[in-house]
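If you read the sequences in order, they're chains S and X.
Just so we're aligned, residue 1 is where the first sequence starts under UniProt numbering, counting upward by one.
Just so we're aligned, residue 1 is where the second sequence starts under UniProt numbering, counting upward by one.
By construction, these hints were calculated from the structure, which means they are not laboratory data.
There's no promise every hint is true.
You can't tell identical chains apart in this list, so a pair holds if it fits in one copy or across any two.
Said to hold, decoys possible - EDC-like mimics (lysine to aspartate or glutamate), calculated; alpha carbons at most 20 Å apart, straight line:
hint	residue 1	residue 2
1	K201	D244
2	K201	E179
3	K79	E245
4	K79	E28
5	K201	E47
6	K79	D244
7	K79	D291
8	K79	E196
9	K79	E95
All values reported here derive from a predicted model rather than from experimental measurement.
There are 2 protein chains.
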Amino acid sequence: MATLPDLVSTDVAELTAAVCDVASVSGEEGTLADAIEAALAAHGHLEVLRDGDTVVARTRLGRDRRVVVAGHIDTVPVKDNLPTWRRTTADGTEELWGRGAVDMKGGVAVALHLAAALTAPRWDVTWVFYDHEEVEADLNGLGRLVRVHPDWVRGDLAVLGEPTAGGIEGGCNGTLRAEVRTTGRTAHSARAWRGENAIHKAAEVLARLSAYEAGEVEVDGLVYRESLGAVAVRGGIAMNMVPDECVVTVNYRFAPSRSTAGAEAHVREVFDGFDVTVTDLAGGARPGLDDPLVTGFVAAVTAVTGGVPGPKYGWTDVARFAELGVPAVNFGPGDPMLAHADDERVPVDQVRTCAAALRAWLAGEAPERGD
Amino acid sequence: MATLPDLVSTDVAELTAAVCDVASVSGEEGTLADAIEAALAAHGHLEVLRDGDTVVARTRLGRDRRVVVAGHIDTVPVKDNLPTWRRTTADGTEELWGRGAVDMKGGVAVALHLAAALTAPRWDVTWVFYDHEEVEADLNGLGRLVRVHPDWVRGDLAVLGEPTAGGIEGGCNGTLRAEVRTTGRTAHSARAWRGENAIHKAAEVLARLSAYEAGEVEVDGLVYRESLGAVAVRGGIAMNMVPDECVVTVNYRFAPSRSTAGAEAHVREVFDGFDVTVTDLAGGARPGLDDPLVTGFVAAVTAVTGGVPGPKYGWTDVARFAELGVPAVNFGPGDPMLAHADDERVPVDQVRTCAAALRAWLAGEAPERGD
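Could you put together the complete structure from these sequences and hints?
What follows is the structure, given as structure tokens:
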């Protein structure tokens with residue numbers, strides 16, 4: 001049983017370290033979820049709900065609008081990078097290093113802190129801390145809530161605390177996964193000429209991937225960069241057998257202006273002549289920066305951070321809200337380029353600035369730097 | 001506890017079926033080894049020895065020469081092909097179908113029958129029935145005997161009952177396994193351009209394999225066909241990560257005139273520029289058909305079978321004897337092209353002919369067809 005420090009009085013950067021130090025690789029979020037549930041339950045202005053390893057806390061102030069602030073509590077596997085540690089760079093920036101520092105326990109800590117601290121926010125707020133974001137889409141805790149408890153995630157605007165380096169990122173690319181399969185005929189490898197080697201046939205699949213040039217697509221004023229690459233390859237039966245199957249799994253990230261059908265057609269065209277099976281396909285979300293609710297959020301936050309909105313490359317759960325017709329943006333501490341990297345780290349001041357900006361918007365008060 | 005039928009009076013094809021029907025996948029040879037030990041112990045002219053699941057039976061007649069007849073009792077996994085069944089082909093050939101029929105319980109049955117039947121062979125004979133041939137080389141039962149009981153396998157000529165379709169196959173190709181590794185830099189696949197895809201780099205490895213043209217090499221009058229191919233490929237960390245490593249495992253089968261160092265140098269040359277790790281390397285064995293002992297064996301056997309010696313492609317334990325300086329050949333029933341195939345089957349007359357030919361040589365008597 002892990003315990004989190006006091007959510008209100010603890011510095012939010014320190015709170016980030018504490019949240020990171022309770023390891024929560026996808027599928028093993030139980031301990032952290034318990035700690036979050038216990039910490040939030042101590043605050044009487046919140047109704048705390050639980051489903052699996054997802055914890056939801058919400059105010060019931062009768063405001064006419066409700067904001068959803070959501071973040072996933074799982075991480076990719078730990079790679080000798082926990083517990084967290086602090087380092088000061090040559091230019092004096094203090095950083096927090098370790099698994100989850102970027103993706104996305106900084107955002108989780110900001111939400112935990114504000115959930116506890118803001119007893120009377122300007123709008124009703126639903127705080128969502130969910131499981132299984134870093135794995136197959138059908139395990140996603142937010143997706144589960146949408147199916148099982150849709151009222152827990154309803155709102156007029158959603159903010160996802162995914163890493164944006166404190167900037168506002170609108171929309172997101174779509175994502176498609178497909179298996180490109182080659183087949184052959186097995187034989188004992190001592191008489192390899194009797195078989196047909198499926199792995200050798202995959203040479204052309206890899207050659208096309210290697211030569212592929214990804215596009216850049218402008219949507220609602222933001223430029224989305226696409227990509228197509230292998231994420232896995234497997235083939236082989238035994239060390240003395242000619243393999244009769246080889247599967248290259250590819251991941252295509254496509255601009256939100258492209259439909260899912262269009263994305264699939266493109267991948268099938270790239271691998272024309274090969275057996276292609278789409279295993280996972282989720283459309284992107286347009287930036288939505290013309291929505292008045294989003295505009296208000298952008299104005300309040302950029303007043304603190306000084307930034308301008310940009311595109312989100314990664315597919316995020318913003319797209320789940322987009323599907324429900326809820327405008328949604330990404331806003332959180334941490335350089336998204338460092339997400340999943342073994343050396344992920346976040347400048348501690350960035351965590352504090354994000355907390356201050358979000359507080360400014362939710363509380364409608366003038367924040368102090370270093371909140 | 002399984003029991004084998006009487007080794008002397010039972011038709012050797014029927015005995016093959018009985019030996020097959022006691023399943024003995026590598027690592028699970030105990031039941032069959034027990035049955036073999038019990039069956040041989042009933043014959044007073046044999047000294048029966050046991051080590052693990054290897055059974056050795058030998059005559060001690062004081063002859064001036066000793067022959068070793070050896071065969072492995074394990075098989076690759078059963079694939080819905082036991083118990084055995086008989087089928088007669090359109091051209092009237094009676095076949096025994098099932099796991100082990102080819103590799104190599106026909107040879108085992110021939111040896112069991114002659115071990116029991118030949119109470120006074122022309123030379124002393126050591127009959128070796130060993131375990132763990134179909135798996136990693138360091139588990140091999142014959143290799144274990146060489147280390148632990150070298151006197152059990154000493155002799156002037158060794159005959160391995162591996163499937164040769166009743167022909168004599170001299171020597172064997174060598175085998176080398178190597179991992180060809182490409183490395184890159186991981187990143188989230190949503191921002192693939194930040195990483196370096198190791199799987200894409202393997203395109204060139206597969207292209208070289210695909211274009212590779214294997215040689216044919218003449219050694220002591222026999223032509224050995226070589227091959228080089230992938231037996232496995234693996235790469236990928238997670239479905240949303242740019243992979244930082246890809247490993248292609250290749251298997252090179254090389255003529256016995258090539259040294260192990262020469263084989264390794266060749267593979268390194270083919271994959272020049274890539275990281276190559278040799279994981280398994282065993283030299284071949286020259287045919288040795290100029291050795292007088294082998295010549296005598298060839299003459300006696302081909303007088304019965306009518307065949308001519310050919311090369312052995314697969315690496316077999318002939319090479320273990322070659323290392324000890326003991327000339328060795330492969331001779332046994334069953335089409336080697338069907339070894340490990342789910343539809344392996346042996347013409348029953350071929351089993352009988354092999355028994356007759358081996359008997360002719362060992363007994364120095366005129367055999368009858370259908371012995």
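Hint-by-hint comparison with the structure:
1. K201 / D244: within (10 Å within a copy, 22 Å between copies)
2. K201 / E179: Both, since 15 Å and 18 Å are each at most 20 Å.
3. K79 / E245: between (31 Å within a copy, 16 Å between copies)
4. K79 / E28: For K79 and E28, the Cα distance is within 20 Å only inside one copy (15 Å; across copies 38 Å).
5. K201 / E47: Intra 58 Å, inter 53 Å, cutoff 20 Å: neither.
6. K79 / D244: between (34 Å within a copy, 14 Å between copies)
7. K79 / D291: neither (41 Å within a copy, 60 Å between copies)
8. K79 / E196: between (39 Å within a copy, 19 Å between copies)
9. K79 / E95: within (18 Å within a copy, 57 Å between copies)
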